[in-house]
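S.K.: Going down the list, the protein sequences come from chains Z and Y. The first sequence begins at -16 in the working numbering and counts up by one. The second sequence begins at 251 in the working numbering and counts up by one.
Source of the hints: derived by calculation from the structure; they are not laboratory data. One thing to keep in mind: the hints can contain errors.
What the hints assert, rightly or not - Subject to a maximum C-alpha distance of 30 angstroms in a straight line, what follows is the list of computed BS3-like cross-link-like pairs (lysine-lysine):
id	chain 1	residue 1	chain 2	residue 2
1	Y	Lys494	Y	Lys344
2	Z	Lys236	Z	Lys174
3	Y	Lys585	Y	Lys493
4	Z	Lys119	Z	Lys67
5	Z	Lys231	Z	Lys119
6	Z	Lys174	Z	Lys119
7	Z	Lys6	Y	Lys493
8	Y	Lys493	Z	Lys67
9	Z	Lys236	Z	Lys162
10	Y	Lys344	Z	Lys67
11	Y	Lys494	Z	Lys67
12	Z	Lys67	Z	Lys162
13	Y	Lys494	Z	Lys6
14	Z	Lys67	Z	Lys6
15	Z	Lys119	Y	Lys344
16	Z	Lys67	Z	Lys174
17	Z	Lys162	Z	Lys119
18	Z	Lys162	Z	Lys174
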Amino acid sequence: MDEGRHSMGYSLRNISFSYGDQKIFSNLSLSLESGQFHGVLGPNGSGKTTLLDLLAGHLHPREGCILFENQNIDEFSRRDMARKTALVPQDFRVDFPFTVFQVVMMGRYPHVGRFSGPSRADLDLVERAMIAAGVKVFAHRHVTELSGGERQRVVFARALAQNAGVLILDEATSSLDVKHSLSLMRLVAEKVRNSIVTAIAVMQDINLAARYCHTLLFLNNGGIAAHGPVAEVLTEDVIREVFEVDAKVYFDKEINCRQVMFL
Amino acid sequence: MPVNPDTKIYPALIAAVLGALLAAVIIASAGMGYLSVSCQQVVGVIWEKLLGLESSDSLVSTVVWDVRLPRVFTAALVGAGLSLSGVVFQGILKNPLADPYTLGISAGAAFGASVAFLFNMSHFQGLSVGLFAFGGAMAALAVVLYLSGSAGGYSPNNLILSGIIVGAILSAGISFLKYVADERVSVIIFWLMGGFASKTWADVTMVLIFVTLGALICMCFGRDLNLMALGDRAAASLGVDVKKARVILLVSASLMAAVCVSVSGIIGFVGLLVPHMMRSVMGADNQWLMPVSLLAGAVLLLCADTFTRAVLPTELPIGVLTALIGGPFFCYVFKRGFSRKAAL
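Excised from the complex, chain Z in its bound form:
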């Protein structure tokens, strides 16, 4: 096994996790290579979001350990983790009139001292992130006035501005229209291809995941139902086992990847 490449990403070793009495994972082992686009799929309540929180270091396993860049994840400070991983959360609600620019700027907080202002480089990064996410045009509007999809793009821009090596997306395209979903996924895939980031994305849209991700991880009942390259794990049997629906999996020549049609 190519230990060198594996070790730079994540390695979860026999981890268990539960919320109170409710067991989410028991004895889960998994490795996520760096430099790849990982899709995480599974039915509601299968532990997808919990897995992301463990990877981002917000939650800690009861048993077992998580290695990140060859080190136990607990050894990183919160600020270190914030510089290395950026999370785009699922729900985003703000009741205070921050401007879009202010919110995206918050992505630079882990890099800028508590009382020092942003440097020119910080401003450039924020600017580029806003352009990439298509929110530059309303940079000075209040986030409270935006639609759900626009807000989600603002949060994505903030994660880009964080400039972290690992991009964790929790259903980041759930409120986006087709055009913006595709452009977000394309952007992430391009960053992965250029070895800028490792992406780990929880997704509902299997076809979108199949098109852009390198590997897919199917979670079911707190366990791994299947994990591997798209071409190996995206099968009718896996879909039936995980989602309890019948589907036809076919190879689409137009976009050159596997797609799923639900029957």
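Position chain Y against the provided structure of chain Z, taking the given hints into account.
M.R.: Below, chain Y without anything else, positioned relative to chain Z:
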């Protein structure tokens, strides 16, 4: 050209203007009252006292330095403390309708003060009411923290619910104390309405220490408060220890509110209104909202107190005045905010 945060000049300008305004209002209100003193004389008295010089006019000096300035400074500091505390509470609870009293601080203080009045305590040179009020506020906060901490990490909903429960129980307790108090009930009611009459330099010192400390701590966490407004997960992913930051901010803001209440009684609407007004003027960035609200709160409450002391024919309790002016004004702001949102 990158979007420049040079807009920060704007809040800095507001802060500077408010600071100058505060100094002017302090001097003007120290001159206003039954004995009218000119601004030059007020400045003269302050100058003499600061340098330890012999006073040129002992009557004016006594009125300004010993009677009016302690009250003026107490009112300004309480306004500052309540407003800053309001910003922090609204930020932590992610609720623009929160104020320093949402978590039962006021009910706790009122209960403590009522107990002191009921047993007619006058130890420690009359400080016992303030001490009991402070103790009551702290006890209420401790219970609220205990209740909301056990059910999963001080989430805003837990905190608000616990605050409402504790507040309701204490209100019933206050009603009971009033009922038992018999003829002393008027003292309790009067204290609850708030006021700055007969404040001393000791009061000023105490409030100054607490508000300064609280303000410094809160302002250090301005960035974290910004991030927490985006949600706990977002804040955590940007490096904030959400639970720790929340408790530190909560305790600092509560201490400020508690000391304000124990000195002046319950003065409503300042802690709700000032953060709102300032947010609509200069945006939601807590790093600027905190200092600006602090200054604006000081100006506002000092003006209100001077108005009731020196302008009205009879002195109204300040808590009644702030509610009478603040309530309708808040309704206006609230309604306007909604119709503007609906128009978009």
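S.K.: Look at each hint and say if it fits the structure.
M.R.: Taking the hints in turn, this is what the structure says about them:
no. : hint                : result
1   : Y/Lys494 x Y/Lys344 : holds, 16 angstroms
2   : Z/Lys236 x Z/Lys174 : holds, 24 angstroms
3   : Y/Lys585 x Y/Lys493 : violated, 34 angstroms
4   : Z/Lys119 x Z/Lys67  : holds, 25 angstroms
5   : Z/Lys231 x Z/Lys119 : violated, 41 angstroms
6   : Z/Lys174 x Z/Lys119 : holds, 20 angstroms
7   : Z/Lys6 x Y/Lys493   : holds, 23 angstroms
8   : Y/Lys493 x Z/Lys67  : holds, 21 angstroms
9   : Z/Lys236 x Z/Lys162 : holds, 21 angstroms
10  : Y/Lys344 x Z/Lys67  : holds, 27 angstroms
11  : Y/Lys494 x Z/Lys67  : holds, 22 angstroms
12  : Z/Lys67 x Z/Lys162  : holds, 29 angstroms
13  : Y/Lys494 x Z/Lys6   : holds, 26 angstroms
14  : Z/Lys67 x Z/Lys6    : holds, 29 angstroms
15  : Z/Lys119 x Y/Lys344 : holds, 26 angstroms
16  : Z/Lys67 x Z/Lys174  : holds, 15 angstroms
17  : Z/Lys162 x Z/Lys119 : holds, 17 angstroms
18  : Z/Lys162 x Z/Lys174 : holds, 18 angstroms
When the structure is compared with the earlier hints, violations turn up for hints 3 and 5 and for no others.
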